[in-house]
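Chains A and B supply the protein sequences, listed in that same order. Everything in the first sequence is counted per our numbering, starting at 1 for the first residue and increasing by one. Everything in the second sequence is counted per our numbering, starting at 1 for the first residue and increasing by one.
Bear in mind the hints are in silico, worked out from the structure with no lab data behind them. Model, not experiment: these values are computed from the prediction. Please note: incorrect hints may appear among the correct ones.
Straight line, CA to CA, 30 Å or less: simulated DSS-like cross-link-like pairs of lysine-lysine [unchecked claim]:
#1 A:109 <-> A:56
#2 A:74 <-> A:57
#3 A:89 <-> B:60
#4 B:35 <-> B:60
#5 A:109 <-> B:60
#6 A:89 <-> A:56
#7 A:12 <-> A:57
#8 A:78 <-> A:109
#9 A:2 <-> A:89
#10 B:60 <-> A:56
#11 A:56 <-> A:78
#12 A:74 <-> A:2
#13 A:74 <-> B:60
#14 B:60 <-> B:75
#15 B:75 <-> A:78
#16 A:57 <-> A:78
#17 A:57 <-> B:60
#18 A:56 <-> A:12
#19 A:109 <-> A:2
#20 A:2 <-> A:12
#21 A:74 <-> A:85
#22 A:85 <-> B:111
#23 B:75 <-> B:111
#24 A:12 <-> B:75
To give a feel for the contact side, a few chain B residues facing chain A, derived at Cβ under 10 Å [said to hold, decoys possible]:
#25 4
#26 14
#27 16
#28 19
#29 57
Computed list of chain A residues with no C-beta within reach of chain B, every gap over 10 Å [unchecked claim]:
#30 13
#31 63
#32 71
#33 72
#34 106
#35 122
#36 131
#37 132
Think of the CB as a built atom: it goes at the ideal place given N, C-alpha and C, for glycine as much as any other residue.
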Amino acid sequence: MKGTLSNVPIAKELDIVGARQTGRNIATELGFSSVDQARIATAISELARNIYLYAKKGEITFQQVEGVAPVGLKIIAKDNGPGIKDISKSMIDGYSTSGGLGAGLPGVKRLMDDFDIMSSDEGTTIHVIKWLR
Amino acid sequence: MRIPILKLHEYLLISVQVELDDQTAMQFQEDLLSKIHESGATGVVLDLTSVDIIDSFIAKVLGDVVSMADLMGAKVVFTGIQPAVSMTLIDLGIHLQDVPTALDLEQGLIKLRRELEEK
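This is chain B alone, in the form it adopts within the complex (with noise of 0.2 Å):
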């Protein structure tokens, strides 16, 4: 399975609609970092509002994205993470400190441009 990915001007979205399997996940960031270094794009929101679980793996896969992303110079923003999603990844101990999130795609959007012009 293959997470599409779509571009808007200079940034790129991803709207995750599946349920990632670890596979599923490690293609995704693959797909993510080729797109990013041939289409040049600045800013990526990956919206989870439909993803209602998160384990270990896969917050590391996510996380480890945006990390990746960084080293190419995109920012990446989470959004929509859902309240249970939230509860559970604290629960696991899982804090994702360094990766920017917002309450949904407009919002990511805005703090995204707003990242990319503090630079």
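Chain A on its own, in the form it takes in the complex (with noise of 0.2 Å):
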């Protein structure tokens, strides 16, 4: 089992129970414990509300990758929407646009291991890792 697991595309509200729940069963599969399984499908949740939130639409995509551990669970959230304007106000706890909570992207970051994130005017990708230890 390597590569590509799942897809997911974020439309509307109820893909991102949709993309969460698709996340923790791989997590699951993967053998990852119940702890890793609510922080991954909590990081998918926050991911998969910024795309319907800033973007309204985009996917979710779900691998298999080997790296510092023989395992882990890769997450891709990419979106075409407008972008964030500044990324690293967006990484500082509290900042938030949509008058949320601002737990967002700093919250994501902590709860996974590797956290990159590409932002232009012609999208938001956000590649995401949880290594099984």
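Assemble the dimeric complex from its two separately framed chains, guided by the hints.
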């Protein structure tokens, strides 16, 4: 089992729940602990909500990867929205342009092991990985 | 989807048994406030034993309902938060510091009674 495991389009609010359920199922199959399953599902929820709130449409892709540990779950959140104007600000705790809690991106970074973000006016792509320990 | 709200003497009891999506959480917020209004309940126990994920949005909705109920004169206690959920909430940077919590339903009712007696 390697490469892309699943692809979940995000276009409506209920897709957020769908994405995190898919992610949790994959995490369970890969052997992640229940705490890591909750961390992964929560991170997906935050990423999917960001897509829905700021870009309206996008997708979440799940991949099995190999690296610092033999098994990792990589989650790619991609949209073609307006992009994040100031990435460094978006990584500050409490910063939010939508009146939310502002836990979003810095929270996701703490929940996962690796975190990468690319954003331009053509969209945003966020890569996160959780390694199986 | 609607979350059932039970009345027990002057308290309201809620056990969340479904995966909370945004709409269900918002609907619950509204339902609970109406129920407090029509029943005159002074205390609410919200049991989260079966909830295995709380993200920042759901946390905000649930945290807000505590403040809203407080404005109406009702105390809300959260019970049964799972270890994995409490760990993820702290990772997310959400501390819910103003929210009274208890280990389980029984402890929640004891805490509620104590808090209401102090008033």
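- prompt: Given the hint that residue 57 of chain A pairs with residue 60 of chain B, does the C-alpha gap stay at or below 30 Å?
  reply: Since the Cα atoms of residue 57 of chain A and residue 60 of chain B sit roughly 23 Å apart, the hinted pair holds (cutoff 30 Å).
Next item on the list: For the pair supplied as a hint, residue 109 of chain A and residue 60 of chain B, confirm whether the alpha-carbon distance does not exceed 30 Å.
Entry: Answer holds: residue 109 of chain A to residue 60 of chain B is near 19 Å, not above 30 Å.
key: Non-interface claim for residue 13 of chain A, where every Cβ of chain B lies beyond 10 Å   = Per Cβ check, residue 13 of chain A is inside 10 Å of chain B; nearest 5 Å; violated.
Quiz item: Keeping to a limit of 30 Å between CA atoms, is the pair of residue 60 of chain B and residue 75 of chain B held or broken?
Solution: 17 Å, holds
Hint consistency between residue 75 of chain B and residue 78 of chain A [alpha-carbon to alpha-carbon, up to 30 Å]: 42 Å, violated
Item to check | Cut-off 10 Å, beta-carbon criterion: hint that residue 14 of chain B touches chain A | outcome: 20 Å, violated
*Pair hint residue 74 of chain A and residue 85 of chain A, alpha-carbon separation not exceeding 30 Å*: This hinted pair holds, its Cα atoms lying about 25 Å apart.
Next on the checklist: For residue 57 of chain A and residue 78 of chain A, compute the direct alpha-carbon distance and say whether it is at most 30 Å.
Outcome noted: Satisfied, since the Cα-Cα distance of roughly 9 Å is no more than 30 Å.
Checking one constraint from the list: CA of residue 56 of chain A to CA of residue 78 of chain A, max 30 Å. Satisfied? 11 Å, holds
What's the verdict on residue 85 of chain A and residue 111 of chain B, does the C-alpha distance respect the 30 Å limit or exceed it? Between residue 85 of chain A and residue 111 of chain B the Cα gap is close to 46 Å, so the pair fails against 30 Å, i.e. violated.
A cut-off of 10 Å on Cβ-Cβ distance, and residue 106 of chain A was said to be off the interface with chain B. Does that hold?
Since the minimum Cβ distance to chain B is about 7 Å, residue 106 of chain A lies within 10 Å and the statement is violated.
Item to complete: Given the hint that residue 74 of chain A pairs with residue 60 of chain B, test it: the Cα-Cα distance must not exceed 30 Å.
Response: Given pair residue 74 of chain A, residue 60 of chain B holds - Cα atoms ~27 Å apart, limit 30 Å.
In summary, the numbered hints that this structure violates are 9, 15, 22, 24, 25, 26, 27, 30, 34.
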